[in-house]
Every structure is written in structure tokens, then in C-alpha cells.
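K.L.:
Now for the letters of each chain:
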Amino acid sequence: MIRLYLEGAKCEIKRMLQYKANSLFYLTVVLIPPLALFFLWKTILSHGGSIGGYNLSDMVTYFIVTQFFVMNTPYSAWIEIGESIKDGSLSLWLTKPVNHYLLYLFRLIGSWILQWIFGIAGVIVVSIILKDYVVIPKEASTYFLSILFWMGGIVIGFSYGYILNLLSFWFERSTYIIYFSEGIVALLSGMLIPLDLLPAKSLWLFLPFKFCGYVPAQIFLRKISGLDIVFEFVSMAIWIFVLVSLSHLVFKIGSRRFTASGG
Amino acid sequence: MRFIKSLFKLRLKMDLAFRVDVFFNFFTQLVYLIGILLLFRVIYLNVSEIGGFTLGDVYVLLGTYFILIEVYNMTFRGGILSLPETVKGGNLEIYLLKPVNTIAFILLKRVNIGRVWRALPGFILLIYGLKMNDIHTGMNLVYYIISLILSLIIYTVSNFCISLLSFWFYEVNNMFYIYDDLMEFAKYPDVIYSGIIRKVFMTIIPVIIFSSFPARILIGLSSFQEILIYQAILLLVFSGISLILWQRGLVKYQGRG
Numbered sequence: 001m002i003r004l005y006l007e008g009a010k011c012e013i014k015r016m017l018q019y020k021a022n023s024l025f026y027l028t029v030v031l032i033p034p035l036a037l038f039f040l041w042k043t044i045l046s047h048g049g050s051i052g053g054y055n056l057s058d059m060v061t062y063f064i065v066t067q068f069f070v071m072n073t074p075y076s077a078w079i080e081i082g083e084s085i086k087d088g089s090l091s092l093w094l095t096k097p098v099n100h101y102l103l104y105l106f107r108l109i110g111s112w113i114l115q116w117i118f119g120i121a122g123v124i125v126v127s128i129i130l131k132d133y134v135v136i137p138k139e140a141s142t143y144f145l146s147i148l149f150w151m152g153g154i155v156i157g158f159s160y161g162y163i164l165n166l167l168s169f170w171f172e173r174s175t176y177i178i179y180f181s182e183g184i185v186a187l188l189s190g191m192l193i194p195l196d197l198l199p200a201k202s203l204w205l206f207l208p209f210k211f212c213g214y215v216p217a218q219i220f221l222r223k224i225s226g227l228d229i230v231f232e233f234v235s236m237a238i239w240i241f242v243l244v245s246l247s248h249l250v251f252k253i254g255s256r257r258f259t260a261s262g263g
Numbered sequence: 001m002r003f004i005k006s007l008f009k010l011r012l013k014m015d016l017a018f019r020v021d022v023f024f025n026f027f028t029q030l031v032y033l034i035g036i037l038l039l040f041r042v043i044y045l046n047v048s049e050i051g052g053f054t055l056g057d058v059y060v061l062l063g064t065y066f067i068l069i070e071v072y073n074m075t076f077r078g079g080i081l082s083l084p085e086t087v088k089g090g091n092l093e094i095y096l097l098k099p100v101n102t103i104a105f106i107l108l109k110r111v112n113i114g115r116v117w118r119a120l121p122g123f124i125l126l127i128y129g130l131k132m133n134d135i136h137t138g139m140n141l142v143y144y145i146i147s148l149i150l151s152l153i154i155y156t157v158s159n160f161c162i163s164l165l166s167f168w169f170y171e172v173n174n175m176f177y178i179y180d181d182l183m184e185f186a187k188y189p190d191v192i193y194s195g196i197i198r199k200v201f202m203t204i205i206p207v208i209i210f211s212s213f214p215a216r217i218l219i220g221l222s223s224f225q226e227i228l229i230y231q232a233i234l235l236l237v238f239s240g241i242s243l244i245l246w247q248r249g250l251v252k253y254q255g256r257g
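Line order of the protein sequences matches chains A and B. Under the working numbering, the first residue of the first sequence carries the number 1, and numbering increases by one thereafter. Under the working numbering, the first residue of the second sequence carries the number 1, and numbering increases by one thereafter.
Simulated from the structure, these hints should not be mistaken for laboratory data. It is possible that some hints are incorrect.
As the list claims (entries may be wrong) - Once the Cα atoms are required to be at most 27 Å apart in a straight line, the calculated DSS-like pairs of lysine-lysine come out as:
1) B:LYS199 - A:LYS131
2) B:LYS199 - A:LYS42
3) B:LYS98 - B:LYS109
Just need the whole structure built from these sequences, with the hints factored in.
P.N.:
Set out below in C-alpha cells:
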């Protein structure tokens with residue numbers, strides 16, 4: 001069964017390979033904003049100061065890593081999901097013996113892989129440019145854990161976007177809501193500022209979006225270690241379970257309302 | 001003038017047809033604005049100034065940045081972005097044969113004056129920043145507006161130069177996105193940049209002057225003469241480059257017919 005979903009992912013990879021140049025240009029998204037923020041933090045923290053326990057190296061590394069993670073998390077899932085509900089083409093998928101959620105998750109992973117590879121190249125480039133200010137962990141386990149948590153963040157981000165797309169069962173157009181909430185969620189992932197520096201931080205640190213950027217970055221910086229990692233992992237697993245279950249529930253309820261033309 | 005007026009009217013009608021879209025776009029931008037304000041709030045809880053810029057000054061700078069971006073998006077962006085497609089499709093004659101200035105027509109054809117309210121958060125931020133620092137602008141307000149207009153024109157002309165590259169290259173749209181990304185540098189005070197980056201972003205890709213320079217005049221950090229002269233020189237250079245590219249591009253252009 002899994003082969004079917006992998007085929008879906010493979011098709012998307014092939015499709016994206018046709019647009020290699022676009023993915024290459026996407027590199028600038030992970031390259032430029034951290035560079036601008038670097039100059040800001042360098043001016044503020046260059047004399048050995050720190051803010052909330054973040055020194056210059058921590059801050060620069062945080063923004064490089066988080067920018068990559070957040071910009072590469074599919075918070076809007078696939079807009080096609082919502083549109084297919086509206087134009088009736090969802091019926092094509094309903095008649096097939098596939099899980100709609102999994103199929104789109106795998107297709108999405110396939111369509112983003114090239115972008116992720118170029119994004120990592122961008123992170124390496126910006127880390128080389130700012131090598132004197134970047135924290136480079138020596139342990140392979142740090143990279144592994146950081147990416148593992150981000151993968152969890154991708155599932156969380158996708159599930160959230162998937163549910164929003166399913167709102168098309170009830171609303172005329174959910175696209176606007178998706179784009180709007182995408183901005184909020186990116187903020188709540190810690191893209192512009194570490195979540196522990198925000199007022200009312202316990203609220204932001206409770207929400208699942210921290211796994212899309214903040215937590216993987218904290219692991220990369222080794223600010224979370226030992227038992228805390230286990231605690232965060234369990235918390236992430238619970239959030240994934242809740243969101244995936246909710247996705248299925250919303251799909252089940254929504255598809256009862258679904259109508260499409262044709263025989 | 002009558003032609004431009006009817007163009008404005010048409011765009012306003014088209015915009016009103018997609019009210020919800022405009023509404024949510026606005027709120028998306030507002031969320032981003034709140035995020036960046038939070039960033040500076042946290043920073044200024046720990047420092048009193050960044051290279052001479054207080055928190056109020058930064059609000060003036062950010063307000064200027066958002067006004068500039070919104071006014072550009074509302075006026076020239078649509079026209080500039082459409083040029084590469086027009087050149088690629090060999091449809092430029094449609095504009096060349098009209099009895100109006102072709103460049104002005106291309107730049108203004110997608111003016112969207114109905115979106116003027118989207119610049120509102122920028123204005124509010126600007127006024128809040130001025131109030132916060134108890135700045136009485138006086139004549140500086142006039143110089144600020146001139147400087148902001150110059151920034152807008154330089155930004156427009158530099159974007160126009162990118163679109164003119166479509167006479168030589170098949171795909172230039174990604175360059176616009178890179179330029180958009182580079183505008184990230186315009187959100188922060190120009191004093192934070194140093195070395196080669198500062199030199200490049202002050203001249204070849206002058207992103208750091210767009211909002212910092214007008215803001216500097218308004219908050220009284222720099223004399224208006226120096227800034228206006230610098231912007232005028234940049235404008236002349238970019239206008240010259242764009243005219244050369246336009247003329248050479250037209251020679252190279254091959255239409256459909």
C-alpha cells in the first residue's frame with residue numbers, strides 16, 4: 001500500500017525537476033533574510049551581550065536554522081485540496097482505494113524535496129559566509145534530532161493546512177483563510193523571534209507550531225537536551241495524533257456534504 | 001490625464017470585485033507587521049538605541065517602509081511585472097502603437113488606487129513613532145515626502161530595469177522575487193550595515209536607502225540636503241540605465257506580426 005503513496009511522491013519529484021531553476025531561486029529565501037537579521041543582531045549584541053540567554057552566535061544560528069525550517073514547512077498543505085472540493089474534482093479521489101490525507105502528504109513531500117535540498121545548500125552557504133558567528137554542532141545526533149523534530153513539524157503544518165482546506169466543504173472559498181493563517185502560524189513557529197522571548201510565552205510554547213521551527217532550532221543550539229527532548233517528543237507525538245485524527249474526522253463529516261456534477 | 005483617470009477607475013472596479021481577497025491580504029500583512037513590531041519591542045527592552053535609532057525612530061522607519069511598499073504595489077508593480085510576459089508573447093506593439101507615452105502606459109496600466117487603505121498601518125505606525133519621540137516635524141515633513149517620492153521612483157525604475165532584461169532573457173520573474181527578498185534589508189536602520197554589503201546596497205542595489213533615508217530626515221538624524229542630493233543622483237543614474245535598456249531592447253524586440 002505504501003508503494004502507492006511513494007509513487008505519488010515520485011511523480012511530484014519528476015514534475016518539480018522540470019522547474020529546477022525556480023527551486024534554485026528559492027534559495028534566496030533562506031539566504032537573504034538571515035543575512036539582514038545578522039547585521040541587526042551584530043549591532044545589538046556585538047559587545048558580548050545577550051538577550052534572554054541568546055548571545056550573538058545563538059541568535060544568528062537560530063535565525064538561519066529557523067528561517068530554513070519555517071519557510072520549508074507546508075502550512076497551507078495543498079490549495080488544490082480546497083479547490084477540488086469546490087470544483088467537484090475531489091470525486092476522482094473518492095472513488096479510488098487511497099487515503100486522501102496520506103496521498104496528499106506524500107505528494108507534497110515529493111513536490112518539496114528539491115526545494116529542501118536547495119534550501120539546505122542555502123543554509124550551508126549562509127553558514128560559510130557567517131562562519132565566525134554560527135554555532136556548528138559536532139554531534140551527528142544533534143542534526144538527526146533537529147531534522148526529526150522538523151519532520152514532525154511538517155506533519156503538523158500539513159495537517160493544519162489540510163484541515164483549513166477542508167473548510168471548503170462549508171465555505172465558498174477557504175483560500176484566503178489559509179493564506180491569512182499561514183502568516184500567523186509562521187510567527188507562532190518562531191520565525192521572527194524566539195518564542196521564549198515573547199510575552200505570554202507559555203501559551204505560544206504550548207501550541208503545536210513550535211515544532212515547525214522553534215523546537216528544532218533549540219535542539220540544534222543544544223538549548224534542549226536530555227529528558228526535555230523526550231518530553232518534547234511525546235508532546236509532538238500527541239499533537240500529531242490529535243491533528244491527524246481531526247483531519248480524518250473533518251474529512252469524514254465534510255465528505256457527507258460533498259456534491260459534484262457528473263454521473 | 002483623462003486616459004490615466006479612466007485607467008484608475010477601471011482598476012478600482014476590478015478590485016472591488018475581489019473584496020474578500022483584498023481584505024485577507026491586508027490582514028496577512030498586518031500579522032507580519034505585528035510580528036516585526038514584537039521583534040523590535042523585545043530588542044528595545046534590552047537596548048535603548050540601535051545606531052542612534054530609538055524605538056520611536058524605528059517605528060517611523062518601519063512605517064515609511066510599509067508606506068513605500070504599499071504605494072509601489074498599488075501603482076507600478078502590476079505594470080512592471082506584466083512587461084516580461086508582454087515581451088515574451090510578442091505583444092508589445094499593442095502599447096507601442098498607442099498615441100501615449102509607452103513607458104508611462106506600461107507603468108500605470110495596472111494602477112490599483114482602491115488599495116490605498118492598505119498603506120494605513122504604515123501611516124499609523126509612522127504617526128505613533130513620531131508621537132512616541134515627541135517629534136515636531138515642521139519643514140522636515142515636506143523634505144520627508146520629497147525623499148519618499150524619490151525612493152519610490154528609484155525603486156520603481158530599478159524594478160523597471162529588471163523587467164527590461166526580458167528583451168534579452170526568456171525568464172526574469174525570479175529576479176523580481178530576489179529583489180523583493182532584498183527589500184528585507186530596508187526594514188532595518190541603514191547604520192547597521194557595514195563593509196561591502198553597505199556599499200552594494202547603497203549604490204548598485206540601493207535597498208537600504210529606500211526607507212532609512214526619508215526616515216532620517218523626518219526624525220532629524222541627517223540633513224535633508226545631503227540625502228536629497230544623493231537620491232537625485234541615484235535617480236538620474238537609474239533613469240539613464242533604464243532608458244538605454246529600453247532603447248536597445250526595442251531594437252532587439254521581435255513582435256508577433
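K.L.:
Please verify whether B:LYS199 and A:LYS42 have alpha carbons no more than 27 Å apart.
P.N.:
18 Å, holds
K.L.:
Is the Cα-Cα distance between B:LYS98 and B:LYS109 27 Å or less?
P.N.:
13 Å, holds
K.L.:
Take the C-alpha atoms of B:LYS199 and A:LYS131, compute the straight-line distance between them, and say whether it is at most 27 Å.
P.N.:
21 Å, holds
When held up to the earlier numbered hints, the structure conflicts with none and fits them all.
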